[in-house]
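Protein chains: 2
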Amino acid sequence: MKIAIYGYGNLGRGVEFAVRQNPDAELFGVFTRRPPETVKTAFPETKVFPAADVTHCKDEIDVLIICGGSATDLPAMTPALAADFNVIDSFDTHADIPKHFAAVDAAARQGGRIAIISVGWDPGMFSLNRLYASAILPDGKDYTFWGKGVSQGHSDAIRRIEGVLDARQYTIPVQSALESVRAGENPELTTRQKHTRLCYVVAEDGADKARIEKEIVTMPKYFSDYDTTVNFISQEELDRDHKGIPHGGFVIRTGKTGADNSSSHVIEYSLKLDSNPEFTASVLVAFARAACRMAGRGDRGCKTVFDIAPVDLSIKTREQVIAEML
Amino acid sequence: MKIAIYGYGNLGRGVEFAVRQNPDAELFGVFTRRPPETVKTAFPETKVFPAADVTHCKDEIDVLIICGGSATDLPAMTPALAADFNVIDSFDTHADIPKHFAAVDAAARQGGRIAIISVGWDPGMFSLNRLYASAILPDGKDYTFWGKGVSQGHSDAIRRIEGVLDARQYTIPVQSALESVRAGENPELTTRQKHTRLCYVVAEDGADKARIEKEIVTMPKYFSDYDTTVNFISQEELDRDHKGIPHGGFVIRTGKTGADNSSSHVIEYSLKLDSNPEFTASVLVAFARAACRMAGRGDRGCKTVFDIAPVDLSIKTREQVIAEML
Numbered sequence: 242m243k244i245a246i247y248g249y250g251n252l253g254r255g256v257e258f259a260v261r262q263n264p265d266a267e268l269f270g271v272f273t274r275r276p277p278e279t280v281k282t283a284f285p286e287t288k289v290f291p292a293a294d295v296t297h298c299k300d301e302i303d304v305l306i307i308c309g310g311s312a313t314d315l316p317a318m319t320p321a322l323a324a325d326f327n328v329i330d331s332f333d334t335h336a337d338i339p340k341h342f343a344a345v346d347a348a349a350r351q352g353g354r355i356a357i358i359s360v361g362w363d364p365g366m367f368s369l370n371r372l373y374a375s376a377i378l379p380d381g382k383d384y385t386f387w388g389k390g391v392s393q394g395h396s397d398a399i400r401r402i403e404g405v406l407d408a409r410q411y412t413i414p415v416q417s418a419l420e421s422v423r424a425g426e427n428p429e430l431t432t433r434q435k436h437t438r439l440c441y442v443v444a445e446d447g448a449d450k451a452r453i454e455k456e457i458v459t460m461p462k463y464f465s466d467y468d469t470t471v472n473f474i475s476q477e478e479l480d481r482d483h484k485g486i487p488h489g490g491f492v493i494r495t496g497k498t499g500a501d502n503s504s505s506h507v508i509e510y511s512l513k514l515d516s517n518p519e520f521t522a523s524v525l526v527a528f529a530r531a532a533c534r535m536a537g538r539g540d541r542g543c544k545t546v547f548d549i550a551p552v553d554l555s556i557k558t559r560e561q562v563i564a565e566m567l
Numbered sequence: 242m243k244i245a246i247y248g249y250g251n252l253g254r255g256v257e258f259a260v261r262q263n264p265d266a267e268l269f270g271v272f273t274r275r276p277p278e279t280v281k282t283a284f285p286e287t288k289v290f291p292a293a294d295v296t297h298c299k300d301e302i303d304v305l306i307i308c309g310g311s312a313t314d315l316p317a318m319t320p321a322l323a324a325d326f327n328v329i330d331s332f333d334t335h336a337d338i339p340k341h342f343a344a345v346d347a348a349a350r351q352g353g354r355i356a357i358i359s360v361g362w363d364p365g366m367f368s369l370n371r372l373y374a375s376a377i378l379p380d381g382k383d384y385t386f387w388g389k390g391v392s393q394g395h396s397d398a399i400r401r402i403e404g405v406l407d408a409r410q411y412t413i414p415v416q417s418a419l420e421s422v423r424a425g426e427n428p429e430l431t432t433r434q435k436h437t438r439l440c441y442v443v444a445e446d447g448a449d450k451a452r453i454e455k456e457i458v459t460m461p462k463y464f465s466d467y468d469t470t471v472n473f474i475s476q477e478e479l480d481r482d483h484k485g486i487p488h489g490g491f492v493i494r495t496g497k498t499g500a501d502n503s504s505s506h507v508i509e510y511s512l513k514l515d516s517n518p519e520f521t522a523s524v525l526v527a528f529a530r531a532a533c534r535m536a537g538r539g540d541r542g543c544k545t546v547f548d549i550a551p552v553d554l555s556i557k558t559r560e561q562v563i564a565e566m567l
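Protein sequences appear in the order of chains S and R.
This note's numbering numbers the first residue of the first sequence as 242 and each following residue consecutively.
This note's numbering numbers the first residue of the second sequence as 242 and each following residue consecutively.
Treat the hints as calculated values from the structure; they're not laboratory data.
Just to be clear, a hint being listed does not mean it is correct.
Which copy is meant is left open, because identical chains are indistinguishable; a pair holds if it fits in one copy or across any two.
What the hints assert, rightly or not - In the DSSO-like style, the derived pairs of lysine-lysine whose C-alpha atoms are separated by at most 27 Å in a straight line are: (1) 382 / 557; (2) 288 / 299; (3) 557 / 243; (4) 497 / 288.
Extracted from the complex, chain S is given alone in its bound form:
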């Protein structure tokens, strides 16, 4: 399958790496809205094209992986491209997924193409695990915890505060809450009880650190509902100790079965990721394989991870996965 990357940031770069790990995939190239000569790809042989030229290449690309942001890029890009390409995106604004789905579905059906939206780990693998676990244990309760990991949105919010030069925010699950969930205690957890927030901030020389800290911990939506710790460090320390983009989390469902609901069960799925964008990219490439196969069978329209038969994700044949993995 010939894969093209549309949009080249951390996620696009992750796809560039992931394609190399899949012998049935080949990278057509990268499409960018920046001047192509300014884009430095991970591999020098990767071709870079202007985004405006993408439709000229539509007969040469099996799947286009759209690596844009969910706030403004994907709501416009994915429907626009879904009429001409089989596309995959990682749209992750949970509340807006039905609207995005409808727009992409209309475009993909009109163009006779497949689109798979909201692919990654949350939404994505975490969603799949929520669905499987709730189907198996209808009489139960599920919990999603995130972290320890870097939230780009929260890091950006801190950077917008006056006197802040740079910042990195970690979301951390509260260990005692995790343990209570695993023990089947079905706790009712407030936002504050589930996660804490840890911030590393580089302040301008002479900046009022007390004011910056207060602005962070009282910031509505982002921090005010959490126990937040602020550490001021130097730019050198930030660059040295916090340049990675780790993330991960836990999806746990506990449920009851049997006579008088006397049996308890715990289903837990967890991820511990050194690089959030590289892992997300790896999920995107696996679902690109499914998109290709489904398109080849004449399937059309917008899909989500819930619609994809797992066998279509594997490089192995159906006979192989039955013999080797079942």
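Place chain R on chain S using the hints.
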């Protein structure tokens, strides 16, 4: 959907409970090879029929869940019934799955029916997690650990030793091996390094316990490759402390991505089950829903968990799962 149970032991009883937790499912009844009047169901209103009458009811049953053993029951039963019914089984002899698949597929296609084989947690949910994780992280290694849980096969093997009245065997994962895998150390683990075996044995009065212990720990295939601990206890203690059938385990894949494979990732799925048969039964009922829906769409032949789009497992509509779970 109208579900019938074929074979009534611990697993069939689990299905009887699980059907009640799914508002879209209704229990047609239980089919048994024993005299029906000797079968005591969990709920008095559950109807019990002779197995020989099952084909007379084929128009009234949407899915037949076959609750037999993998050694001799299912290889005969599932192909025989798949021509007349949509069927689900939990065939779990991993090495014989391709052969079982072929036999069931031929019967189901001939009868225009759907069959889903090897449904449960291993094979089943563990298989799904092996497939998803390997598709996402091609450059990685996966590990399956079982336990802590009761192995019926090993318990039975002990009971066949002269002088043994009763026994219960627990399979226990070696914690240090689990930790090494989670740390991404990619250890090469021998059978002995992955699991230990813990046995509780009730011996006849005056039996030679030293001989029994030696026969257990040296038993080929079952125990000789493991570090095995044997505890002799009374029947009262066994009945009081070891009557449950807990099980569970871990599927872990670690893999690398990015420049020079510098990013490590850990995907872990785990189950902690108070009742192995009740949990397996709950998985069977969720896949029975998928069998019904797929049959309704005209799909035919033998399937495995790998062929089932997750959305078909949920009692919710596609729109609901997209809005609520993605």
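Hint check results:
no.	hint	verdict
1	382 / 557	between (35 Å within a copy, 16 Å between copies)
2	288 / 299	within (16 Å within a copy, 60 Å between copies)
3	557 / 243	within (18 Å within a copy, 35 Å between copies)
4	497 / 288	between (54 Å within a copy, 25 Å between copies)
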